[in-house]
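Place chain B on chain A using the hints.
Each protein sequence line maps, in turn, to chains A and B.
Residue numbers for the first sequence follow this note's numbering, beginning at 3 and rising by one.
Residue numbers for the second sequence follow this note's numbering, beginning at 21 and rising by one.
Bear in mind the hints are in silico, worked out from the structure with no lab data behind them.
Every value quoted in this text rests on a predicted model; they were computed, and no experiment measured them.
In this text, a Cβ means the ideal position worked out from N, Cα and C, and glycines have one as well.
You may find that some hints are simply not true.
[What the hints assert, rightly or not] If you want a taste of the chain A side facing chain B, the calculated C-beta under 8 angstroms gives, among others: (1) L35; (2) Y134; (3) R165; (4) L168.
[As the list claims (entries may be wrong)] Distance condition first, Cα-Cα at most 20 angstroms in a straight line; then the derived SDA-like pairs of lysine to any residue: (5) B/K133 with B/R150; (6) B/K133 with B/V260; (7) A/K166 with B/E24; (8) A/K166 with B/M21; (9) B/K122 with B/F102; (10) B/K133 with B/S177; (11) A/K166 with B/R28; (12) A/K166 with B/N26; (13) A/K166 with B/E29; (14) B/K122 with B/D107; (15) A/K166 with B/H25; (16) B/K148 with B/A138; (17) B/K122 with B/V252; (18) A/K166 with B/D23.
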Amino acid sequence: MPGTMAQRSTVDRDRLADLYVAHASEGVRLAYLLTGDWAVAEDLVQEAFARLVGRFRHLREPAAFGAYLRRTIVNLATSHFRHRRVERAYLEREVAIPRREGNPNEDLDEAMHAVLLRLPQRQRAAIVLRFYEDLSDTQTAEILQCSAGTVRSLVSRGMTTLRKELEGMPR
Amino acid sequence: MIDEHNVREMLQRRANAAPTPTVDAPKATRRARRRLFANGVIAMVAVAAIALAGLASIDEIRGGPVPADQPTPSVKPKSTRFTQRFDSPLNGLSIGYPAGWKTRAATEPWGGKIAFDAPDVDVIFDPKLREHLYLAVASMPLGSKWDSASRQQDRPSLGLCDTGGAGGTGNGFQGNPAWFQDCYEPHGEGGHIVLFSTATRGYVIYIHVPDKPQSPQQARYARWFSEILRTVVLSPDEAVNPPESP
Chain A
3 MPGTMAQRST VDRDRLADLY VAHASEGVRL AYLLTGDWAV AEDLVQEAFA RLVGRFRHLR
63 EPAAFGAYLR RTIVNLATSH FRHRRVERAY LEREVAIPRR EGNPNEDLDE AMHAVLLRLP
123 QRQRAAIVLR FYEDLSDTQT AEILQCSAGT VRSLVSRGMT TLRKELEGMP R
Chain B
21 MIDEHNVREM LQRRANAAPT PTVDAPKATR RARRRLFANG VIAMVAVAAI ALAGLASIDE
81 IRGGPVPADQ PTPSVKPKST RFTQRFDSPL NGLSIGYPAG WKTRAATEPW GGKIAFDAPD
141 VDVIFDPKLR EHLYLAVASM PLGSKWDSAS RQQDRPSLGL CDTGGAGGTG NGFQGNPAWF
201 QDCYEPHGEG GHIVLFSTAT RGYVIYIHVP DKPQSPQQAR YARWFSEILR TVVLSPDEAV
261 NPPESP
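Chain A on its own, in the form it takes in the complex:
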């Protein structure tokens, strides 16, 4: 009997490792787009993974694991900034809009990301989930726990701010 338990534990451990390898990179990219910090992003993904393992038996389908991981990352990113209450100050200090020189595309990307990171968290999450993860309004709404209409509104307001802030930048 102990042998069976040890065997099952090894299988679980292998499976956990496989799931992590399969989803971690994508998760870290999502977390980075939401937080603008690779170290924080990696930490968030590990935390999200650790939380999900507690519900591992309910997440036997890898596809479901990915969806849960995405949702947990978005929630953790929200908590990350909410708890520290320094989102605005931190981003304004650390993620200033870059000078407009060098590769215009790169400059625009950095500037756009900086503005994106200054958006309210839900607007930012809605834009990233819709345009990076390529989720539908309904899927995004499910993660943000709101209606599809609210998602459209969040995206619209976020886009308006982006346009306004980046007006006049070369493309």
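Chain B in isolation, oriented as in the chain A frame:
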């Protein structure tokens, strides 16, 4: 003007241009397992704490009287510690009682009846339940109306506890012959009484409770009464006797 397409491309480029994320699966798995273990420990500690609190509450409930549903439900006495003391100079007795209760000392020698409002009885009562939960203490010199508390037929008619109930002499009271009895009172209430006699004096200590003796709370009240009786300190020689009749 920035549009969705620009944002999509920017997000894709930013995500791809970044350094390859460190994918340390064993580390993440260890972290997850540590978290699971910690959650399990916290859950066990929480369950143990809740269980202990529950047991403590049950013990407290068992240790103290619980007021009856009828006729006057009220707050049960919160403390079973008899931190207060009532000294009865008239009866030569000191007795403990719960904090929050009120006392009313007898103002005249006892005539033989026990009642909440009797002026010749020391009364210690729950201010919320008043005549539904109170202690009464009274005494008189032996020889006039009372010869021995150990014989039921020798005791005076108290005006209560006359309809009978389980009783007996037990092991006496502090070395004195005694009679213990559960009492049925009107309106579904009850009581417990002890009558005992020292060499010179007969005593009655009575607790009136808002439950009849066969109620589920009866055993609790009986135990509570026993605890109160353990606080009694007798000094019958200091009691005040009524003036001799001419």
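Outcome of the hint check:
Given the 8 angstroms rule on beta carbons, the hint for A/L35 holds: about 6 angstroms separates it from the nearest Cβ of chain B. Because the closest C-beta pair between A/Y134 and chain B is about 4 angstroms apart, less than 8 angstroms, the hint holds. The closest approach between the C-beta of A/R165 and any C-beta of chain B is roughly 5 angstroms, which is under the 8 angstroms cut-off, so the hint is satisfied. The interface hint given for A/L168 is met, as the beta carbon of that residue sits about 5 angstroms from the closest beta carbon of chain B, less than 8 angstroms.
A hinted pair counts as satisfied when its Cα atoms are at most 20 angstroms apart, and B/K133 with B/R150 qualifies at roughly 18 angstroms. With a C-alpha separation of about 18 angstroms, the suggested pairing of B/K133 with B/V260 holds against the 20 angstroms cut-off. For the hint linking A/K166 to B/E24, the alpha-carbon distance of about 14 angstroms falls within 20 angstroms, and the restraint holds. A hinted pair counts as satisfied when its Cα atoms are at most 20 angstroms apart, and A/K166 with B/M21 qualifies at roughly 9 angstroms.
For a cut-off of 20 angstroms, the pair hint linking B/K122 to B/F102 stands: about 13 angstroms separates their Cα positions. The suggested pairing of B/K133 with B/S177 holds, with an alpha-carbon distance near 7 angstroms, which does not exceed 20 angstroms. Simply put, A/K166 and B/R28 have alpha-carbon atoms about 18 angstroms apart, close enough for the 20 angstroms limit, and the pair holds. This hinted pair checks out: A/K166 and B/N26 have alpha carbons roughly 14 angstroms apart, not beyond 20 angstroms.
Using a Cα cut-off of 20 angstroms, the hinted pair A/K166 and B/E29 holds, with the two alpha carbons roughly 19 angstroms apart. The straight-line distance between the Cα atoms of B/K122 and B/D107 is roughly 13 angstroms, inside the 20 angstroms bound, and the hint therefore holds. For the given pair, A/K166 sits about 16 angstroms from B/H25 by alpha-carbon distance, which is consistent with the 20 angstroms threshold. As the CA atoms of B/K148 and B/A138 are separated by approximately 19 angstroms, the hinted pair is consistent with the 20 angstroms bound.
Distance check on the hinted pair: B/K122 and B/V252 sit about 17 angstroms apart at the alpha-carbon level, within 20 angstroms; holds. Using a Cα cut-off of 20 angstroms, the hinted pair A/K166 and B/D23 holds, with the two alpha carbons roughly 12 angstroms apart.
When held up to the earlier numbered hints, the structure conflicts with none and fits them all.
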